[in-house]
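Visitor: Chain by chain, the residues:
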Amino acid sequence: MAEEFSTEGMLDMYLFENEQLLEQLQEMVLEQKDAECFDEDSINEIFRTMHTIKGSSGIMMFDNITAISHKLEDVFYYLRESHPEHVPHVDLVAHVLRVEDFISNEMEKIRGGDSPDGEPGEIIADLDRFLEQLKSGGKEKGVEPPPENVYVAPKQFYIAPVATSASRFYKIYIHFFPETEMANVHAYKAVYALKEVAEDLLYSPEDIISDAESAAIILKDGFRILLQAQCSEEEVRKIIGVGYDIEKVDIFECKAEEFLQGFDFGEADDPLQIDLESSVEDIEARIEDVSAEESAQPSKPAKPAIAPGDFVIKSREPGKQKKLAKDKPKGEKASFIGVNVSKMDQLMELIGELVISESVVLQNPDLKVPGLNLDNFNKAAAQLSKISTDLQNVIMSMRMVPLTNTFQKMNRIVFDVSRKLGKDIEFVMVGEQTEVDKNIIEHISDPLMHLVRNAVDHGIETNEERIESGKPDKGKVTLSARTEAGKVWISVEDNGQGLDRNKILAKARKQGLLDEGKPDSAYSDKEVYQFITYPGFSTNEQITEYSGRGVGMDVVVQNIQAIGGTLDIESTPGLGSIMSLKIPLTLAIIDGIVMETGNSSFVMETGMIKEFVRVKEEMMIHEPDGEEYIMIRGECYPVLRLGRWYGLTEYQESVEDGVMLILEVEDKKVCLLVDKLIGEQEIVVKPIPSYIKKVKGLSGCTQLGDGSIALILDAGGLIE
Amino acid sequence: MSEMSELKRQEEQAASNEHDTQKGKYMTFKSGNEYFGLEIQYVNEIIQFQTITAIPETEDYIKGLINLRGKVIPVVDVRLRFKQEPFEYNDRTCIIVINVKSMMVGLIVEKIAEVVEIKEENILPPPNIGRADKSHHKYVYGIGKVGNAVKLLLDPDKLLNDEDLTVMEQANDMILEEE
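Chains R and G, in that order, give the protein sequences. Going by my numbering, the first sequence opens with residue 1, and the numbers climb by one from there. Going by my numbering, the second sequence opens with residue 721, and the numbers climb by one from there.
If you are wondering where the hints come from, they were derived from the structure by calculation, not from laboratory data. Take these hints with a grain of salt, some might be off.
As the list claims (entries may be wrong) - Label-pair distances were calculated between CB atoms; the ranges are:
#1 ARG789/G - GLN433/R: 35 to 43 Å
#2 ASN753/G - PHE612/R: 35 to 43 Å
#3 PHE612/R - LYS878/G: 26 to 34 Å
#4 GLY647/R - PHE807/G: 47 to 55 Å
#5 PHE807/G - ASN376/R: 29 to 37 Å
#6 SER104/R - TYR809/G: 50 to 58 Å
#7 ASP706/R - ASN810/G: 19 to 27 Å
#8 PHE807/G - LYS676/R: 30 to 38 Å
#9 ARG789/G - VAL430/R: 39 to 47 Å
#10 ARG789/G - LEU384/R: 21 to 29 Å
#11 GLU656/R - TYR809/G: 33 to 41 Å
#12 GLY752/G - THR649/R: 24 to 32 Å
#13 LYS750/G - LYS668/R: 49 to 57 Å
#14 LYS694/R - LYS791/G: 44 to 52 Å
Glycine included, every Cβ here is placed at the ideal spot set by N, Cα and C.
Kindly produce the complete structure, drawing on both the sequences and the hints.
Guide: This is the structure:
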């Protein structure tokens with residue numbers, strides 16, 4: 001995709017940024033879809049996201065995107081300002097997702113070089129209705145509608161996550177020398193510094209950036225800050241610093257309740273609103289007392305009515321927290337840089353080449369001349385190997401991406417499909433932090449989508465059917481990921497009806513996939529389930545919007561096999577099925593054992609080989625039909641002669657001249673006979689050119705130290 | 721060697737010119753008794769014969785893989801592809817590296833001839849006499865006249881991909897048709 005981008009820088013930037021915004025938006029929305037309402041952070045975040053998208057789309061003159069994001073922004077503006085009760089949360093989520101879909105869709109058109117011509121009218125009308133509904137709901141409760149959302153620059157206005165127990169609250173008064181020029185700018189400097197540590201921060205006067213008047217107010221009344229942070233008083237003092245312009249800094253620690261009241265101290269029964277007017281009076285009251293610092297509690301001014309147009313900050317109602325979705329700990333913000341994937345691939349390739357040339361140098365035949373003193377060379381070589389290994393690890397880790405995004409997409413699919421089908425489904429994600437190579441993620445996204453969709457559509461029964469069969473009425477789809485033995489296991493599990501063995505067999509017979517003479521009972525469950533991965537195979541009589549066309553499972557299997565993975569199907573009738581994908585962690589560099597058979601070199605991943613053994617002829621067991629077995633320490637293994645298997649020439653006939661490799665894949669063991677072992681090496685996996693059709697047991701090729709090509713053996717394929 | 725460097729020079733010259741001037745130019749080579757022509761735009765380079773890593777269980781005409789400056793590319797023996805008698809490779813055997821639909825493939829040919837220009841009016845469609853052996857015509861899309869000689873013009877895409885449907889794919893096709 002990346003190469004298809006238009007070269008116009010601004011458009012690229014627009015698409016890239018908005019795509020990320022939308023992705024974050026979706027993640028946030030889906031995370032809270034089961035909560036009763038969005039928490040304040042999310043409302044702000046959605047509001048800001050829409051505002052940004054609107055702004056940039058406006059610049060790019062994509063009017064429909066501008067219009068629709070404007071409308072959603074309106075809705076969230078209302079939510080933010082009025083806190084209406086009884087928000088139909090599920091509808092709200094659906095609306096947000098619909099808008100998000102619309103914008104993504106339009107952006108896809110833009111990327112494809114088309115003009116974004118989608119008609120947002122219907123969605124906008126729906127949003128209007130929704131907003132009306134919200135507003136009328138609000139009026140019944142006697143809440144005054146907020147002022148219309150007119151476009152002003154976003155105000156300095158921070159609302160932060162709920163306090164942790166370690167947070168402390170401070171009231172800070174900064175007094176500047178009366179002759180200070182531009183006191184508002186100095187005040188802003190303090191605010192800016194405090195932002196670094198602040199969990200929550202309010203200050204007065206509000207508008208210190210653009211309002212020149214504020215300088216006068218600050219000089220006259222002092223500058224007041226309410227801070228919630230985890231640091232001590234001294235630290236705060238240090239952060240603000242005592243410049244030549246600051247006359248005095250007073251810091252008082254206060255309680256959370258006082259803090260929540262903002263600058264409008266006192267009125268415990270209505271701690272919700274502050275406004276500028278009260279602040280000013282408040283501070284005047286304080287200035288009289290300022291000499292007696294201990295009596296910092298100000299006299300309580302009468303609460304003035306809110307004038308329309310006043311900037312109103314509502315603080316959190318303590319009782320509201322219960323309704324919020326689970327708090328997300330905000331970690332340290334790491335800094336990121338976006339890099340074009342093709343550059344990463346290039347780097348990867350170069351490092352691959354480096355690894356190869358390193359082995360060309362270090363294993364150079366010239367070094368084998370007897371009588372050379374190589375001590376210094378060996379030392380330097382060891383250093384070089386260490387660096388190149390580190391380099392590899394770093395690039396590998398750069399390419400590792402958590403599955404979180406992919407899983408979130410699945411969350412979305414479950415949400416959409418289950419809503420449309422009217423099924424009540426719980427979606428559980430386990431281990432979404434598991435990291436996988438970026439290339440692999442790209443390949444598993446589609447297959448996973450099919451599997452999840454199938455689970456929701458076919459796997460889980462309708463609500464009525466579930467009640468009939470006496471199951472707890474909520475369907476459950478679990479998507480889990482874990483790493484084990486250098487592979488990633490991703491499974492999609494549902495507690496639905498399971499696969500119907502008889503139905504599959506009947507269909508398979510109809511399609512002529514079964515052996516005529518073989519009775520149904522001769523097929524194992526595993527074999528039967530494999531049939532659903534055949535092209536054109538679907539037991540669903542009705543084609544629904546989501547599945548049943550018989551394309552899907554075969555594509556899933558193809559895509560998974562393309563990256564060297566496998567699909568396992570398990571199912572218990574009436575209890576559900578588990579589809580497990582087993583995929584390699586990375587495709588790029590693996591540790592391998594190089595060996596030779598006939599005139600060809602082969603490589604096998606070290607992890608696949610259990611042990612090497614030299615065997616004697618008398619350990620062999622020959623069956624009349626040509627099958628061979630070998631007894632090693634009382635265990636019997638089937639024998640595979642690599643030379644014979646691939647019809648090579650000049651390979652060792654006698655088992656005593658060769659080496660046996662015991663391979664183990666998923667509890668199946670096999671002995672592989674090769675001529676001799678060459679050594680262990682890090683190998684850069686390259687795909688076999690697509691022109692050559694897949695050969696069983698080969699998973700790729702690599703370049704050896706001498707520049708020749710070796711084929712990579714895949715133990716799984718050999719055992720089959 | 722001089723023959724090869726001469727060819728390389730010609731080829732480079734052709735490549736360095738505008739795309740338009742490549743039109744009508746054909747790289748010709750000998751295989752069996754016939755001369756074949758490939759449109760020059762498909763030809764990437766000509767390399768000397770090098771060690772080939774055989775791949776088991778493939779068609780006999782796919783000889784294996786070679787390492788072209790870190791790139792792994794498959795090589796095809798053109799004589800075997802045309803079902804002609806195999807020939808001994810020697811150090812004068814050349815591999816033509818072609819690029820078809822961004823896939824690089826090496827063609828082992830018996831002898832490289834020259835780059836010729838064939839005007840469109842000198843290209844005839846292949847004679848379509850109802851011969852049983854039709855497979856031969858699939859990858860020959862035309863016959864070019866150069867003086868008294870004729871060159872069989874090859875469609876590289878078909879040369880590589882025709883009739884290579886695997887049994888599995890054919891089975892799938894049948895199933896799909898049934899659906």
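Visitor: None of the hints should be skipped; say for each whether it holds.
Guide: Hint check:
At about 40 Å, the beta-carbon gap between ARG789/G and GLN433/R stays in the expected band of 35 to 43 Å. One distance hint, 35 to 43 Å for the beta-carbon pair ASN753/G and PHE612/R, is violated here, with the actual separation near 52 Å. The hinted range of 26 to 34 Å is not satisfied by PHE612/R and LYS878/G, whose Cβ atoms lie roughly 47 Å apart. Between GLY647/R and PHE807/G the beta carbons are some 22 Å apart, a value that contradicts the proposed interval 47 to 55 Å.
A beta carbon spacing of about 51 Å between PHE807/G and ASN376/R contradicts the range 29 to 37 Å that was offered as a hint. The given range of 50 to 58 Å is respected by SER104/R and TYR809/G, whose C-beta atoms sit roughly 55 Å from each other. For the hinted restraint 19 to 27 Å between ASP706/R and ASN810/G, the CB-CB distance of approximately 22 Å keeps it satisfied. For PHE807/G and LYS676/R, the Cβ-Cβ distance of about 32 Å falls inside the hinted range of 30 to 38 Å, so the restraint holds.
The hint said 39 to 47 Å for the Cβ distance between ARG789/G and VAL430/R, and at roughly 46 Å that hint holds. Between ARG789/G and LEU384/R the CB atoms are about 23 Å apart, so this pair conforms to the stated range of 21 to 29 Å. Checking the proposed 33 to 41 Å range against GLU656/R and TYR809/G shows it holds: the Cβ atoms sit about 35 Å from each other. At roughly 26 Å, the beta carbons of GLY752/G and THR649/R sit within the given window of 24 to 32 Å.
The beta-carbon spacing between LYS750/G and LYS668/R, approximately 51 Å, falls within the hinted interval of 49 to 57 Å. Between LYS694/R and LYS791/G the Cβ separation comes to about 20 Å, which falls outside the hinted range of 44 to 52 Å.
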